[in-house]
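Chemist: Here is how the chains run, residue by residue.
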Amino acid sequence: GENVEQHPSTLSVQEGDSAVIKCTYSDSASNYFPWYKQELGKRPQLIIDIRSNVGEKKDQRIAVTLNKTAKHFSLHITETQPEDSAVYFCAAGYSSASKIIFGSGTRLSIRP
Amino acid sequence: DTAVSQTPKYLVTQMGNDKSIKCEQNLGHDTMYWYKQDSKKFLKIMFSYNNKELIINETVPNRFSPKSPDKAHLNLHINSLELGDSAVYFCASSQKAGGVVEQYFGPGTRLTVT
Chain A
1 GENVEQHPST LSVQEGDSAV IKCTYSDSAS NYFPWYKQEL GKRPQLIIDI
51 RSNVGEKKDQ RIAVTLNKTA KHFSLHITET QPEDSAVYFC AAGYSSASKI
101 IFGSGTRLSI RP
Chain B
1 DTAVSQTPKY LVTQMGNDKS IKCEQNLGHD TMYWYKQDSK KFLKIMFSYN
51 NKELIINETV PNRFSPKSPD KAHLNLHINS LELGDSAVYF CASSQKAGGV
101 VEQYFGPGTR LTVT
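For the protein sequence lines, the chains are A and B, in the order given.
Going by my numbering, the residue at position 85 of the first sequence is 85; the numbering climbs one at a time, nothing skipped.
Going by my numbering, the residue at position 5 of the second sequence is 5; the numbering climbs one at a time, nothing skipped.
Hint data in this document are derived by calculation from the structure and do not stem from the laboratory.
Incorrect hints may appear among the rest.
[Unchecked claim] Keeping only pairs whose Cα atoms sit at most 16 angstroms apart, straight-line, the calculated EDC-like set for lysine to aspartate or glutamate is:
no. : chain 1 : residue 1 : chain 2 : residue 2
1   : B       : 36        : B       : 70
2   : B       : 44        : A       : 5
3   : B       : 44        : A       : 2
[Stated by the list, open to error] What follows is a set of in silico ranges between Cβ atoms, one per label pair, in the way DEER data are often shown:
no. : chain 1 : residue 1 : chain 2 : residue 2 : range
4   : B       : 39        : A       : 8         : 44 to 54 angstroms
5   : A       : 5         : B       : 55        : 41 to 51 angstroms
6   : B       : 3         : A       : 40        : 16 to 26 angstroms
7   : A       : 68        : B       : 60        : 29 to 39 angstroms
8   : B       : 52        : A       : 15        : 40 to 50 angstroms
9   : A       : 82        : B       : 69        : 25 to 35 angstroms
10  : B       : 69        : A       : 12        : 37 to 47 angstroms
11  : A       : 26        : B       : 26        : 19 to 29 angstroms
Even for Gly, the Cβ is constructed at its ideal location relative to N, Cα and C.
Please model the entire structure based on the sequences and the hints provided.
Modeler: What follows is the structure, encoded as structure tokens:
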């Protein structure tokens with residue numbers, strides 16, 4: 001079945017620096033790749049997603065890239081701020097599936 | 001307005017007891033889910049209903065039984081609670097079933113079994 005691997009499990013960066021979280025997926029039929037952010041004690045919320053017909057998508061300080069050939073996709077956060085501290089989940093899904101598969105999460109900490 | 005709500009927010013109970021968690025969504029979505037998030041933060045899907053019909057039933061002990069009285073509600077009943085059931089349970093909904101739509105999560109129910 002579909003499997004999504006996410007790295008690293010923890011990441012600490014200096015405020016203002018960039019952070020990159022990487023994921024790989026196993027099912028070549030996957031065509032939808034969302035990223036969810038979960039702040040401490042809160043619910044996961046979608047922050048950005050990308051579909052397989054595009055290679056990159058940006059929204060202010062966050063961007064996602066997708067390499068379908070290598071089955072890799074990544075989340076990039078630039079100019080990190082304290083409020084970026086959270087657990088980030090990547091996920092993968094496809095049209096005929098009834099669910100999306102989540103990665104194991106990355107705990108991002110921003111050092112002041 | 002709250003989109004996906006769950007009650008209770010916290011639940012502390014003893015081993016062997018039976019408890020229920022309720023979920024409601026006011027988004028008009030067709031599909032609802034239950035996830036379990038353990039202490040390592042891994043999000044594991046348990047069940048999904050589409051228009052009151054069970055469409056996902058992952059490898060979950062029979063002690064867990066979901067029930068969807070209508071497409072706006074999905075409840076989770078747990079019998080004979082065990083220590084390993086301690087986790088945060090999230091309800092979620094999406095506009096339709098499928099792996100290509102955004103899921104909206106509820107605030108979670110932190111279950112502690114002592």
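Chemist: Cβ-Cβ distance between residue 52 of chain B and residue 15 of chain A: within 40 to 50 angstroms?
Modeler: Because 48 angstroms falls inside the window, the suggested range holds.
Chemist: 19 to 29 angstroms was suggested as the range; check whether the CB atoms of residue 26 of chain A and residue 26 of chain B agree with it.
Modeler: Check failed, 36 angstroms falls outside 19 to 29 angstroms.
Chemist: Taking 25 to 35 angstroms as the hint, is the beta-carbon distance of residue 82 of chain A and residue 69 of chain B inside that range?
Modeler: Given about 43 angstroms between the Cβ atoms, the range is violated.
Chemist: When you check the alpha-carbon spacing of residue 44 of chain B and residue 5 of chain A, does it fall within 16 angstroms?
Modeler: 14 angstroms, holds
Chemist: For the pair we were handed, residue 44 of chain B and residue 2 of chain A, check the Cα-Cα distance against 16 angstroms.
Modeler: 13 angstroms, holds
Chemist: Within 44 to 54 angstroms or not, the Cβ separation of residue 39 of chain B and residue 8 of chain A?
Modeler: At 19 angstroms between Cβs, range violated.
Chemist: Hint says 37 to 47 angstroms; check whether the CB-CB distance for residue 69 of chain B and residue 12 of chain A agrees.
Modeler: 46 angstroms, holds
Chemist: Hint check: residue 36 of chain B vs residue 70 of chain B, CA-CA at most 16 angstroms. Holds or violated?
Modeler: Violated: residue 36 of chain B and residue 70 of chain B sit about 22 angstroms apart, past 16 angstroms.
Chemist: When you take the CB atoms of residue 68 of chain A and residue 60 of chain B, is the distance between them in 29 to 39 angstroms?
Modeler: Given about 33 angstroms between the Cβ atoms, the range holds.
Chemist: Given the hint of 16 to 26 angstroms, check if residue 3 of chain B and residue 40 of chain A actually sit that far apart at their C-beta atoms.
Modeler: 21 angstroms, holds
Chemist: So does residue 5 of chain A sit 41 to 51 angstroms from residue 55 of chain B, Cβ to Cβ?
Modeler: Taking Cβ atoms as reference, residue 5 of chain A and residue 55 of chain B lie about 26 angstroms apart, which means the hint is violated.
The structure fails to meet hints 1, 4, 5, 9 and 11 from the earlier list, while all remaining hints are met.
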